[in-house]
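2 protein chains.
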Amino acid sequence: MNYQKYISEKTQYYQLTQPFYLQSGEVILNAEVAYRTWGKLNASGDNAVLICHALTGSADADDWWEPLFGAGRVFDPETDFILCSNVLGSCYGTTGAISTNPHTGMAYAAKFPRITIQDMVHLQAVLVNALKIRRLKLVIGGSLGGMQVLEWALLYPELVEAIAPIAVSGKHSAWCIGLSEAQRQAIYTDPNWQEGNYSPDKQPTQGLSTARMMAMITYRSWSNFETRFGREIQGEEPEEPYAIANYLQHQGQKLFERFDANTYITLTHAMDSHNLAGNRGNYTQVLRSIQQLTLVVGIDSDILYPPHEQKELASLIPHAQLAWLESPHGHDAFLMDMETLNDLVLTFRSQLYSTVLS
Amino acid sequence: MNYQKYISEKTQYYQLTQPFYLQSGEVILNAEVAYRTWGKLNASGDNAVLICHALTGSADADDWWEPLFGAGRVFDPETDFILCSNVLGSCYGTTGAISTNPHTGMAYAAKFPRITIQDMVHLQAVLVNALKIRRLKLVIGGSLGGMQVLEWALLYPELVEAIAPIAVSGKHSAWCIGLSEAQRQAIYTDPNWQEGNYSPDKQPTQGLSTARMMAMITYRSWSNFETRFGREIQGEEPEEPYAIANYLQHQGQKLFERFDANTYITLTHAMDSHNLAGNRGNYTQVLRSIQQLTLVVGIDSDILYPPHEQKELASLIPHAQLAWLESPHGHDAFLMDMETLNDLVLTFRSQLYSTVLS
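In order, the protein sequence lines correspond to chains A and B. So for the first sequence, numbering that gives the first Met the number 0 puts the first residue at 0; every next one is plus one. So for the second sequence, numbering that gives the first Met the number 0 puts the first residue at 0; every next one is plus one.
Be careful, since some hints might not be right.
A pair counts as met if it fits within one copy or between any two copies, since identical chains are not told apart.
[To be verified] In silico SDA-like pairs for lysine to any residue, Cα to Cα no more than 20 Å straight-line:
| hint | residue 1 | residue 2 |
| --- | --- | --- |
| 1 | Lys-253 | Pro-112 |
| 2 | Lys-310 | Ser-222 |
| 3 | Lys-170 | Ala-242 |
| 4 | Lys-310 | Pro-327 |
| 5 | Lys-170 | Gln-17 |
| 6 | Lys-170 | Pro-240 |
| 7 | Lys-201 | Asn-281 |
| 8 | Lys-253 | Tyr-12 |
| 9 | Lys-39 | Ala-129 |
| 10 | Lys-39 | Asn-281 |
| 11 | Lys-253 | Asn-100 |
| 12 | Lys-310 | Ser-300 |
| 13 | Lys-170 | Gln-233 |
| 14 | Lys-170 | Ser-222 |
| 15 | Lys-170 | Asn-245 |
| 16 | Lys-110 | Pro-199 |
| 17 | Lys-136 | Asp-45 |
| 18 | Lys-170 | Thr-226 |
| 19 | Lys-170 | Arg-287 |
| 20 | Lys-201 | Asn-191 |
| 21 | Lys-310 | Ile-6 |
| 22 | Lys-310 | Thr-226 |
| 23 | Lys-110 | Leu-40 |
| 24 | Lys-170 | Phe-347 |
| 25 | Lys-170 | Arg-227 |
| 26 | Lys-110 | Pro-240 |
| 27 | Lys-136 | Arg-257 |
| 28 | Lys-170 | Arg-230 |
| 29 | Lys-310 | Gln-202 |
Think of the hints as simulated: they come from the structure by calculation, not from any bench. Please read these numbers as outputs of a predicted model, since none were measured by experiment.
All chains, please: the whole structure from these sequences, using the hints.
Structure representation (structure tokens):
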């Protein structure tokens with residue numbers, strides 16, 4: 000599949016000159032990072048804002064978060080130097096399962112190593128350093144992006160001024176791990192899966208599609224589906240599928256046309272590994288050690304990362320405030336109710352400005 | 000697979016003497032109903048209680064609802080004649096996809112017709128009539144069982160004195176249909192599926208297992224999984240699966256050892272067809288026409304049939320009261336918190352007795 004066509008022509012690539020060591024101890028040679036920037040870095044290198052994307056996202060934040068970009072909005076290229084990079088393990092330009100393994104000259108495929116959220120952040124940090132960014136005014140992201148945001152605060156406290164983790168928890172719950180595992184099993188069931196050693200022209204599309212259908216349900220809500228589809232029948236025959244079934248199948252198809260099964264496995268495993276306390280000790284104390292000004296955004300209808308998880312984050316992180324993105328749409332609200340999200344984050348950013356002035 | 004070993008030896012079978020017509024217009028010949036009874040029917044035939052089972056249940060209600068049985072409990076064989084039959088389309092004794100199609104001499108398999116909740120109830124009614132039951136003091140069931148309960152009230156008002164629909168809605172939501180469809184797609188992805196024409200020794204076990212994993216997550220709750228499993232690792236290696244993943248895979252395996260994929264497809268399609276207004280007109284008016292004394296039981300942590308669905312039922316059914324099974328466990332609470340459920344239903348039944356006396 001040609002993933003290149005889903006990557007903006009404006010994407011830049013940074014080639015690492017050193018081996019990149021993973022948390023597991025494994026090493027990736029010739030690692031490359033795909034990234035986009037908007038605006039200009041100032042002379043002191045302290046006007047940067049970092050955007051972290053979610054599971055199937057890319058560096059093209061001006062595409063999937065478009066309404067947050069513009070003059071006077073959260074991401075204003077007139078004042079900020081905005082950066083978004085494709086995460087380690089993804090298929091949109093940064094080294095991942097579809098990249099060539101220099102040891103074999105072939106794609107990593109199923110042999111791409113297990114990675115963690117910390118690995119993703121460390122790779123982003125290499126890029127941040129290479130771009131001569133001295134200060135990140137804000138690190139922001141939702142879902143998998145929010146996991147990176149929290150790790151940024153802990154791994155690079157001297158670089159990060161403020162964070163905005165959205166629709167996320169401090170550690171992946173059993174609930175989320177279970178959902179990841181069921182989705183991976185749907186991929187493993189596909190006869191084309193072949194333990195991950197599928198050929199590009201015979202991919203486990205049906206398995207990946209089923210995984211996406213399951214995931215899409217958890218990204219939305221009872222209310223979102225009922226309002227849009229209810230019990231509507233798509234066709235004229237009583238045996239025709241319901242509109243909601245059709246919609247989910249369409250979403251599944253859209254994903255397998257633009258994504259890769261090994262990549263899906265890699266990234267969901269990374270999400271499952273998310274645990275701020277993982278290699279740091281006591282969970283409560285770790286959250287209490289976060290020093291940045293923090294905007295925790297929760298979505299009231301989120302069943303994947305339910306509200307009590309953001310309440311926990313905001314209650315433990317010392318300089319945190321909690322904002323609710325009130326929405327009937329579920330987890331995906333951070334990609335749907337973007338005007339509201341823009342307002343919430345803009346308010347937070349204006350407070351940061353006041354804090355700096357005071 | 001030998002489904003017989005999952006059926007109690009005490010199970011009785013009723014063979015229909017007439018063709019059984021489905022709502023679709025299709026006809027089933029030589030239909031058979033597997034059922035269990037407890038206690039004795041009195042001379043006037045008016046001490047019967049009917050139990051309706053859920054998706055993968057059987058007529059063995061004293062097994063899956065054991066704590067509700069006994070002297071002074073909801074199902075007391077000393078006073079009541081208790082009946083539970085395996086639903087049409089299931090694989091535990093009643094005619095379904097694994098039964099022999101008299102037209103071909105082979106199992107129906109993928110050719111078993113689409114059925115509805117009304118079909119299930121009509122078949123139960125044939126049995127009720129054959130057993131000379133004149134009055135059902137109570138029709139009770141959860142989930143798919145609750146759908147049958149509601150249909151009983153509307154299809155046989157003269158037979159049914161009271162109903163207790165549990166953890167259910169008056170029509171299957173887009174949310175539930177979407178979840179059903181994703182689960183069916185997991186089965187279709189299995190190379191052994193073969194459009195439903197799999198051989199008994201090569202069943203789509205992995206697909207059915209994945210479907211069950213997905214379903215099991217929706218039957219439980221964030222809280223249930225977090226308390227039981229959290230981020231616990233099952234093995235000693237960091238690549239070993241999490242305990243929750245292991246648990247779900249085990250649940251998947253347990254189901255494919257005792258259930259049939261075509262049956263799963265048949266019954267989830269039937270659940271999706273659930274709509275009290277389907278062939279009756281205005282939804283609100285249909286619910287308002289239910290005349291029985293009604294106990295609607297909702298589970299506060301149910302994400303599959305969320306609380307507002309039971310509130311709707313109780314607000315529209317004229318003689319309804321709403322009781323909450325407060326539980327951290329989710330939809331499955333009606334099969335887990337059975338002492339509490341027993342108390343709720345027992346209280347309702349004692350009121351029925353008072354109503355009759357007054």
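Consistency of the hints with the structure:
For a Cα distance limit of 20 Å, the shortest separation of Lys-253 from Pro-112 qualifies neither inside one copy, at 26 Å, nor across copies, at 32 Å. Proximity of Lys-310 to Ser-222 under the C-alpha cut-off of 20 Å is restricted to the inter-copy arrangement: shortest distance 15 Å between copies versus 23 Å within a copy. Taking the shortest alpha-carbon separations for Lys-170 and Ala-242, only the inter-copy value of 15 Å comes in at or below 20 Å, while the best intra-copy value is 35 Å. Taking the closest pair of Cα atoms, Lys-310 and Pro-327 come within 20 Å of each other both inside a single copy (19 Å) and across two copies (19 Å).
Taking the shortest alpha-carbon separations for Lys-170 and Gln-17, neither the intra-copy value of 30 Å nor the inter-copy value of 60 Å comes in at or below 20 Å. For the homomeric pair Lys-170 and Pro-240, the shortest alpha-carbon distance between copies (16 Å) is at most 20 Å, but the shortest distance inside one copy (38 Å) is not. When the C-alpha separation of Lys-201 and Asn-281 is checked against a cutoff of 20 Å, the pair qualifies neither within a copy, at 46 Å, nor between copies, at 49 Å. Proximity of Lys-253 to Tyr-12 under the C-alpha cut-off of 20 Å is found in neither arrangement, the shortest distances being 26 Å within a copy and 49 Å between copies.
Taking CA atoms no more than 20 Å apart as the test, Lys-39 paired with Ala-129 passes inside one copy only; the shortest distance there is 15 Å, against 83 Å between copies. Taking CA atoms no more than 20 Å apart as the test, Lys-39 paired with Asn-281 passes in neither setting, with 40 Å inside one copy and 61 Å between copies. For the homomeric pair Lys-253 and Asn-100, neither the shortest alpha-carbon distance inside one copy (28 Å) nor that between copies (40 Å) is at most 20 Å. Proximity of Lys-310 to Ser-300 under the C-alpha cut-off of 20 Å is found in both arrangements, the shortest distances being 14 Å within a copy and 18 Å between copies.
In this assembly of identical chains, Lys-170 and Gln-233 lie within 20 Å of each other by CA distance solely across copies; the values are 18 Å between and 40 Å within a copy. Taking the shortest alpha-carbon separations for Lys-170 and Ser-222, only the inter-copy value of 14 Å comes in at or below 20 Å, while the best intra-copy value is 27 Å. For the identical chains of this complex, Lys-170 and Asn-245 are inter-copy neighbours only, at 19 Å across copies versus 34 Å inside a copy, given an alpha-carbon limit of 20 Å. For the identical chains of this complex, Lys-110 and Pro-199 are intra-copy neighbours only, at 15 Å inside a copy versus 35 Å across copies, given an alpha-carbon limit of 20 Å.
For the homomeric pair Lys-136 and Asp-45, the shortest alpha-carbon distance inside one copy (7 Å) is at most 20 Å, but the shortest distance between copies (75 Å) is not. In the homo-oligomer, the alpha carbons of Lys-170 and Thr-226 lie at most 20 Å apart only across protomers (14 Å), although the nearest pairing inside one protomer, at 32 Å, exceeds that limit. In this assembly of identical chains, Lys-170 and Arg-287 lie within 20 Å of each other by CA distance solely inside one copy; the values are 14 Å within and 47 Å between copies. In this assembly of identical chains, Lys-201 and Asn-191 lie within 20 Å of each other by CA distance both inside one copy and across copies; the values are 6 Å within and 18 Å between.
Within a single copy, Lys-310 and Ile-6 get their C-alpha atoms no closer than 36 Å, and across copies no closer than 48 Å, so neither meets the 20 Å cut-off. Taking the shortest Cα distances, Lys-310 and Thr-226 sit within 20 Å of each other only across copies (18 Å), while inside one copy they are farther apart (28 Å). With identical chains, the CA atoms of Lys-110 and Leu-40 are never at most 20 Å apart, being 38 Å at best within one copy and 66 Å at best between copies. In this assembly of identical chains, the alpha carbons of Lys-170 and Phe-347 never lie at most 20 Å apart, being 24 Å within a copy and 43 Å across copies at closest.
Taking the shortest Cα distances, Lys-170 and Arg-227 sit within 20 Å of each other only across copies (16 Å), while inside one copy they are farther apart (32 Å). Taking the shortest Cα distances, Lys-110 and Pro-240 sit within 20 Å of each other only across copies (18 Å), while inside one copy they are farther apart (38 Å). In this homomeric assembly, Lys-136 and Arg-257 never come within 20 Å of each other (Cα to Cα): the closest approach is 32 Å inside a single copy and 57 Å across copies. In this assembly of identical chains, Lys-170 and Arg-230 lie within 20 Å of each other by CA distance solely across copies; the values are 9 Å between and 36 Å within a copy.
With identical chains, the CA atoms of Lys-310 and Gln-202 are never at most 20 Å apart, being 41 Å at best within one copy and 46 Å at best between copies.
Violated hints, in rising order: 1, 5, 7, 8, 10, 11, 21, 23, 24, 27, 29; the structure is consistent with all others.
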